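K.L.:
One-letter residues, chain by chain:
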Amino acid sequence: MRKLTPRSVLLGLAAPVGALVFAAVVSAIILAVTGHAPTDAVDAMARAAERPRTLVNAVNSATYYYLAAVAVAIGFRMKLFNIGVDGQYRLAALLSAALAGAAFMEQLPSFLRITVTIVVAMLVGAAWAGLAALLKVTRGVSEVISTIMLNAVATYLVSYLNRPERLAVSTAGSNNIGTPKITEGGQVAGFTVEGSSSKLFGLIFLAAAVGVLYWFVLSRTRFGFELKATGLSESAAVASGVNVKKMVVLSMLLSGAVAGLVGMPQLLGSSYSYSLDFPAGLGFIGIAVALLGRNHPIGMAIAALLWGFLANTANSFDTSGIPREIVDIMQGVIVLSVVVAYELVRRYRVRAEQHAVGGALGRTKTLEEVSS
Amino acid sequence: MSTEPPAAVELTGITKRFPGVIANSDVNITVRAGTVHAIVGENGAGKSTLMKILYGMQPPDEGTIAVNGAPVSFGSPADAIRAGIGMVHQHFMLADNLTVLENVVLGSEPRKGVALDFAAARAKIRDISDAYGLGVHPDRLVDDLGVGERQRVEILKVLYRGARVLILDEPTAVLVPQEVDELFGNLRELKAEGLTILFISHKLDEVLSVADDITVIRRGTTVASVSPSDVTARELAELMVGSALPVPELRDSTVTAKPVLTVKNLTVTGADGRLVLDDISFTIHAGEVLGIAGVEGNGQAELVEALMGIHAPNAGRVTLGDRAGNQRDITRASTRHRREAGMGYIPEDRHRQGVLLEASLWENRVLGHQTRPPNNRGPLLDRKGAKADTRRIVSEYDVRTPSIEVNASALSGGNQQKLIVGREMSGRPVVLLASHPTRGVDVGAQAAIWDHIRRARAQELAVLLISADLDELIGMSDTLAVILRGRFVAEYDPRTVTPEQLGSAMTGAGKEG
Chain A
1 MRKLTPRSVL LGLAAPVGAL VFAAVVSAII LAVTGHAPTD AVDAMARAAE RPRTLVNAVN
61 SATYYYLAAV AVAIGFRMKL FNIGVDGQYR LAALLSAALA GAAFMEQLPS FLRITVTIVV
121 AMLVGAAWAG LAALLKVTRG VSEVISTIML NAVATYLVSY LNRPERLAVS TAGSNNIGTP
181 KITEGGQVAG FTVEGSSSKL FGLIFLAAAV GVLYWFVLSR TRFGFELKAT GLSESAAVAS
241 GVNVKKMVVL SMLLSGAVAG LVGMPQLLGS SYSYSLDFPA GLGFIGIAVA LLGRNHPIGM
301 AIAALLWGFL ANTANSFDTS GIPREIVDIM QGVIVLSVVV AYELVRRYRV RAEQHAVGGA
361 LGRTKTLEEV SS
Chain B
1 MSTEPPAAVE LTGITKRFPG VIANSDVNIT VRAGTVHAIV GENGAGKSTL MKILYGMQPP
61 DEGTIAVNGA PVSFGSPADA IRAGIGMVHQ HFMLADNLTV LENVVLGSEP RKGVALDFAA
121 ARAKIRDISD AYGLGVHPDR LVDDLGVGER QRVEILKVLY RGARVLILDE PTAVLVPQEV
181 DELFGNLREL KAEGLTILFI SHKLDEVLSV ADDITVIRRG TTVASVSPSD VTARELAELM
241 VGSALPVPEL RDSTVTAKPV LTVKNLTVTG ADGRLVLDDI SFTIHAGEVL GIAGVEGNGQ
301 AELVEALMGI HAPNAGRVTL GDRAGNQRDI TRASTRHRRE AGMGYIPEDR HRQGVLLEAS
361 LWENRVLGHQ TRPPNNRGPL LDRKGAKADT RRIVSEYDVR TPSIEVNASA LSGGNQQKLI
421 VGREMSGRPV VLLASHPTRG VDVGAQAAIW DHIRRARAQE LAVLLISADL DELIGMSDTL
481 AVILRGRFVA EYDPRTVTPE QLGSAMTGAG KEG
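Line order of the protein sequences matches chains A and B.
Sequence positions in the first sequence follow my numbering and run 1 to 372.
Sequence positions in the second sequence follow my numbering and run 1 to 513.
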C-alpha cells in the first residue's frame, strides 16, 4: 500500500463517497417516482440507527460479510475470480456443524472443540475451492465457470446431506431440518450489548484477525508480493521466476479456507446448527463488499459495516410503508457506480502521477555526469 | 517567404504546461509543403507531447497551429484528420485476423444505404496503393504480412482518410535496414505526390538520408532548425543532447577462457509444431559479449525464453558456470533457480515481462529478485532494504523520477528501461541476457547503459546481446552470430563486419555460414 498523504486519502475516498451519494440520489428518485417520500426512508434509517439491536445485528452481519469479502479479495488480488465462496462456505458450515454437533465431540474441552470445528470448516472450504484450482491448472478451465458450477453442486450436495437419514435431525414442532444442535461447550459466547436482545458475535475477533493476517501476508511477505505481481502481469511474474500454477493453487486454497470461515460466526454464535434457514448468498455479498472496499483490509471492513447496516435497516422500512427492496436497489447502484468511480479516479491518478514525474524531469544531466 | 506557398503546417509559440512542469515551451516549427520534415530529440524532450498537440489529442496552452496558412484549433484527432493530418503510430494498431481492406475501413466504413460498400473501398485502396507505390493488396490477411508491409497498411489507412500531412512516429524502430530503404522509397514517392511528412526519429543517419529539413528539440523547446546537407550525424546528436557523444565500443578484449553459458543443440518447437529454434549451440565465456543479429521473429525471443526457463526446450542442454568455474546443467531448472544462480534478464518487451506498470518503482526493483537480499528476509519482504536499493539504482542509473513510490507507468519508457537495467545488473549476475537493452532510451541513457555493461564485462560478466541496432551490436559484441529462421547462419568478427553484410545475412541474402 502506498504512502498516505492528504491528497491520496482524499482521492481514495472520492470514489466510494461519490458512489454512495450517487446511489442515494438514485434511490431517492426511485422512491419519489414510485410515490414514496424519500424523507420517510431517511427517517426510517435514522430510527433504525438509534436501536442498539439493529446496530448489533449490523455488526454481526458485517462480520460474515467481511470474511466473505476477504475470501473473494485473495483471489481478486491475482485476478482470480472465486465466485464459489458461496458454495464453499455453505458446504463448510454444514459439515463442520455436523461434526461440532456430534455426540462424541462433547468429550473435548471447549477450546479444542471450537478449534476443530473451525479448522474443519477451513479445510472443507479449501478443498471445495481446490477443485476449481485443479481444473484450472491441469485443464485450463476458467475458475469463473467452475466455481459457479461448483456452487450449484454444493447446493445439491448440501440438500442431499441435510436430511434426517444423513447428517440432519428434525426439529420438533417445526418443519425445519438441520444438524444436531451444538451444545454449549462447542459454542462461542457473544457479548451482551445494553438495550439489545441479540449478542455481538464472539467470532468478530476471528474476522479482525483474518483481516490483519490478510494485510500482513499481502503487503509484507514474498508470497503476497508474488500474488500481486501475478495479478498485475502474469507474463512479468513468470519472467521473474514465479510459478504461476502454484500461485493459482495456493491462492485458491487460501481463498477457500477463508470462505470456510464465513459461516462460523453465525453457526457458533447464534444458530448452533446448520438448518434450512442458515444465511445464504453471503458469497455474492462478499464480492460486492470486496469491490466496494477495493480489496483493502480496512476498506472492506467499512464496506461490510455499511452493507450490514443497510441490510438490517430494511426491517424498519417495512414499518414505515417503504418497500424494503429499496435497500437492494441501493446496494446494486452502489456497486455499479463504485466500479465506474474507481476507474475514473484511477485514470485521474495515473495522469496526476505522470505530471509529477514530468516535474522531476526538469533537468537533463550532461553526458559527463551520466557516464562519470 | 512571402512568395512561397503557405507552409503545410506552422507551429508558432506552442507551449504546454502540466502542473509543475513545462512539456513544451515556445516551440516554433515551419513545415514546408511537399517535404519530409524530421523532428529529432531525445526521449522525454517533448516530441510526443508536441505531436499529440498537432494531432489534436491535447490542446496547447499557448501558441497557434496553422495548416496551409489557415489557423486551426483541434479538439480531437477527428478534427486533425478533417484538416488532413494523419498519424502513423509506432506500435501498429491492426487487427491480425482481419484483411487489409477490413483494417483500413475500420472506423470509417464506406456505406451504401445501410450496407457496407466494400467494392468502393477496395477500389479506393488499390488506387492509393498504386498512386504511391505502396504495393498493398486489400484482400490479404494482416496476419500474413511482414512488419514492413504492416507499416505500409498503417500509412495507407491514414491516406485513406484523406490525410495530406503524415506524422510518422519512430517508423524505423521495427524495421531492418532493407525495409528502412523501402520505407524511404515510399516516403519519397509520397513527397513527390505533394504530401508532407513529419518524421519523428532519433536514428540520425536515417534522418539525414530522408529529411529535407530537420528540427531539433531539446528539453521541450526547438533548439535548432538545420538542413541535412549542413550537418553530420554527430553534430546533430550533439545538438540533441547538448554535449559530446558516446559511441558503442569495447576498448580491450576482456574475454576469458572460462565458459559461463554453454548451449548445446538447443531445439524448440512452437505451438504449431514448427521448429522455432533449430539446433543452436554456442558458448559465452566470462567477460564476453555474444551479439545476435537477426530480423525480429527469427527465434531470438524463443532463445531467450528457453535460456530463462520460461519455456522448456524440446532438446538440447544448457550449462551455467559460476564464478568458481563449476558447471551446472540448468536445462530443466526453473526460472527462479536460474535467477538465483545469477542470470540477469533484460526482456525485449518491458511492459510484458520487465515491469509491473501498476506497481511502485521499489516493488519493481523487487520483481525477479524477490528471493534475494536486499529484498527479502526469509519469507518476508524487506521493504526498507528494497527501497534503499531502489534509491541507489535511481541515482546510479539516472532514473528520472520524483520518488520511488510512483507507479512504473508514470515513467517514460527510457526511464523504465534504466530501472530494469539497474535491477538486472544488481547482485552481480554471472550472465546477462539482454534483449534490446537500449531500445527507446535516449542517447545519454544509452551511453550509460553501454557503460554499465562494459564495466560489468570487465568484471567477468557474460552477456548475450540481442539488438535491432546494428551499430550497437557491432560496437558492443566480442563475437557476432546471425540468426535466421531459428538457426545460426553466419558468424562474424565485429571488428571487420559492416552493417550491410549483417543486413544481408539477416535476410538470408548473403552467403550461408
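A couple of the hints might just be wrong.
[Unchecked claim] Derived DSBU-like pairs (lysine-lysine); straight-line CA-CA distance at most 35 Å:
| # | chain 1 | residue 1 | chain 2 | residue 2 |
| --- | --- | --- | --- | --- |
| 1 | A | K246 | B | K384 |
| 2 | B | K191 | B | K52 |
| 3 | A | K228 | B | K191 |
| 4 | B | K52 | A | K246 |
| 5 | B | K264 | A | K245 |
| 6 | A | K79 | B | K52 |
[As the list claims (entries may be wrong)] Covered stretches of chain B (chain A as the covering partner; in silico rule of three or more C-beta atoms under 8 Å from a C-beta of chain A):
| # | region |
| --- | --- |
| 7 | 328 to 336 |
| 8 | 358 to 370 |
| 9 | 374 to 385 |
[Said to hold, decoys possible] Facing chain A, according to a computed beta carbon distance under 7 Å, are these residues of chain B, among others:
| # | residue |
| --- | --- |
| 10 | P6 |
| 11 | V180 |
| 12 | L183 |
| 13 | R317 |
| 14 | Q353 |
| 15 | A410 |
| 16 | R495 |
Source of the hints: derived by calculation from the structure; they are not laboratory data.
Note that the structure is a prediction, hence the values are computed from the model and not measured.
Backbone N, C-alpha and C fix where the C-beta goes; we use that ideal spot for every residue, glycine too.
K.L.:
It remains to establish, for every hint, whether it holds in the given structure.
P.N.:
Hint check results:
1. A:K246 - B:K384: holds, 28 Å
2. B:K191 - B:K52: holds, 23 Å
3. A:K228 - B:K191: The given pair, whose Cα atoms are some 50 Å apart, is violated under the 35 Å limit.
4. B:K52 - A:K246: It is violated: about 44 Å lies between the C-alpha atoms, which goes past 35 Å.
5. B:K264 - A:K245: holds, 29 Å
6. A:K79 - B:K52: Holds, at about 33 Å.
7. 328 to 336: With 3 residues close enough to chain A, the hint holds.
8. 358 to 370: Per the Cβ count (9), the hint holds.
9. 374 to 385: Holds, because 5 residues of the region 374 to 385 of chain B bring their Cβ atoms closer than 8 Å to Cβ atoms of chain A.
10. P6: Status violated, d = 34 Å.
11. V180: violated, 27 Å
12. L183: violated, 30 Å
13. R317: Hint on R317 (chain B): violated, closest Cβ of chain A at ~21 Å, above 7 Å.
14. Q353: holds, 4 Å
15. A410: holds, 4 Å
16. R495: violated, 23 Å
The structure shown violates the earlier hints numbered 3, 4, 10, 11, 12, 13 and 16.
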